[in-house]
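Taken in order, these protein sequences are the chains called A and B.
Residue numbering for the first sequence follows the numbering used here, starting at 25 and increasing by one per position.
Residue numbering for the second sequence follows the numbering used here, starting at 197 and increasing by one per position.
Quick caveat, the hints were computed from the structure, so don't treat them as lab data.
Here the structure is a predicted model, which is why all the values come from computation and not from measurement.
One or more of the hints may lead you astray.
Using 20 Å as the maximum straight-line C-alpha spacing, the simulated EDC-like pairs for lysine to aspartate or glutamate come out as follows [to be verified]:
1) B:Lys237 x B:Glu279
2) A:Lys69 x B:Glu238
3) B:Lys237 x A:Glu67
4) A:Lys66 x A:Asp106
5) A:Lys66 x B:Glu238
6) B:Lys237 x B:Glu281
7) B:Lys274 x B:Glu248
8) B:Lys240 x A:Asp81
9) B:Lys237 x A:Asp31
10) A:Lys103 x A:Asp81
11) B:Lys237 x A:Glu80
12) B:Lys240 x A:Asp101
13) A:Lys69 x A:Glu80
14) A:Lys69 x B:Asp306
15) A:Lys26 x B:Glu279
16) A:Lys69 x A:Asp106
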Amino acid sequence: RKEVEQDPGPFNVPEGATVAFNCTYSNSASQSFFWYRQDCRKEPKLLMSVYSSGNEDGRFTAQLNRASQYISLLIRDSKLSDSATYLCVVPTQDNYGQNFVFGPGTRLSVLP
Amino acid sequence: EAGVTQFPSHSVIEKGQTVTLRCDPISGHDNLYWYRRVMGKEIKFLLHFVKESKQDESGMPNNRFLAERTGGTYSTLKVQPAELEDSGVYFCASSQELLYAGNQPQHFGDGTRLSIL
Chain A
25 RKEVEQDPGP FNVPEGATVA FNCTYSNSAS QSFFWYRQDC RKEPKLLMSV YSSGNEDGRF
85 TAQLNRASQY ISLLIRDSKL SDSATYLCVV PTQDNYGQNF VFGPGTRLSV LP
Chain B
197 EAGVTQFPSH SVIEKGQTVT LRCDPISGHD NLYWYRRVMG KEIKFLLHFV KESKQDESGM
257 PNNRFLAERT GGTYSTLKVQ PAELEDSGVY FCASSQELLY AGNQPQHFGD GTRLSIL
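Only chain A is shown next, with the shape it has when bound in the complex (with noise of 0.2 Å):
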């Protein structure tokens, strides 16, 4: 099993959609979750941290779910700009943050 795993996709939504993206990782150490977006060609860029149970920001919330170690992120009202490929990034156990393991990514279109 991959350390971590994210939906396939690609999601290909209509503009003002509600989407939902799903990751699972097997490191049940884990603290902290980060959710990133990249665009094409482009370096990725910090969308949220997750550090508890949740996190919400605008049309974008995260949630955690530790028992069953997966997060998801959900974004309401989907608009043009949303449309990338969202990587969810796990660090590793050790305190001292070594490394994040990327998952593949999903990509999402969102369509006018």
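Got chain A; can you put chain B on it based on the hints?
For chain B alone, kept in the frame of chain A given last:
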């Protein structure tokens, strides 16, 4: 605040040649990371510096790759000699906190797109 900067943005070299990538982290960030994304694969960790020391280099693919961070500021990643499978996008990232760095988000540079012919 200036972000993480990488140079060059794109490099095209022939197999067997040497290439050096450079990363300037956000000022004051002790943690510096190198990652690589090979076509069609997920982003993979290469190594992690804390200031000038290599904290973890378990992701380095082989001894053709050499990373340095003299003085704890900018870092270089040298590939010598380059092979075809080294093609990909090399990202650098930095984060601020020294302790519990795993809880800190990392800020990424634009990446260097490396093409080996």
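How the hints compare with the structure:
1. B:Lys237 x B:Glu279: holds, 18 Å
2. A:Lys69 x B:Glu238: Given that 20 Å is the threshold and the Cα spacing comes to 15 Å, the pair holds.
3. B:Lys237 x A:Glu67: With Cα atoms ~15 Å apart, Lys237 of chain B and Glu67 of chain A stay inside 20 Å; holds.
4. A:Lys66 x A:Asp106: Between Lys66 of chain A and Asp106 of chain A the Cα gap is close to 14 Å, so the pair holds against 20 Å.
5. A:Lys66 x B:Glu238: holds, 14 Å
6. B:Lys237 x B:Glu281: holds, 12 Å
7. B:Lys274 x B:Glu248: holds, 16 Å
8. B:Lys240 x A:Asp81: Measuring from Cα to Cα gives roughly 28 Å; hence the hint is violated.
9. B:Lys237 x A:Asp31: Roughly 15 Å separates the two Cα atoms, so the pair holds.
10. A:Lys103 x A:Asp81: holds, 15 Å
11. B:Lys237 x A:Glu80: Violated: Lys237 of chain B and Glu80 of chain A sit about 29 Å apart, past 20 Å.
12. B:Lys240 x A:Asp101: Not satisfied, since the Cα-Cα distance of roughly 32 Å exceeds 20 Å.
13. A:Lys69 x A:Glu80: Cα-Cα ~17 Å, so holds.
14. A:Lys69 x B:Asp306: Measuring from Cα to Cα gives roughly 10 Å; hence the hint holds.
15. A:Lys26 x B:Glu279: Not satisfied, since the Cα-Cα distance of roughly 27 Å exceeds 20 Å.
16. A:Lys69 x A:Asp106: holds, 13 Å
In terms of the numbered hints stated before, the structure departs from hints 8, 11, 12 and 15, listed from lowest to highest.
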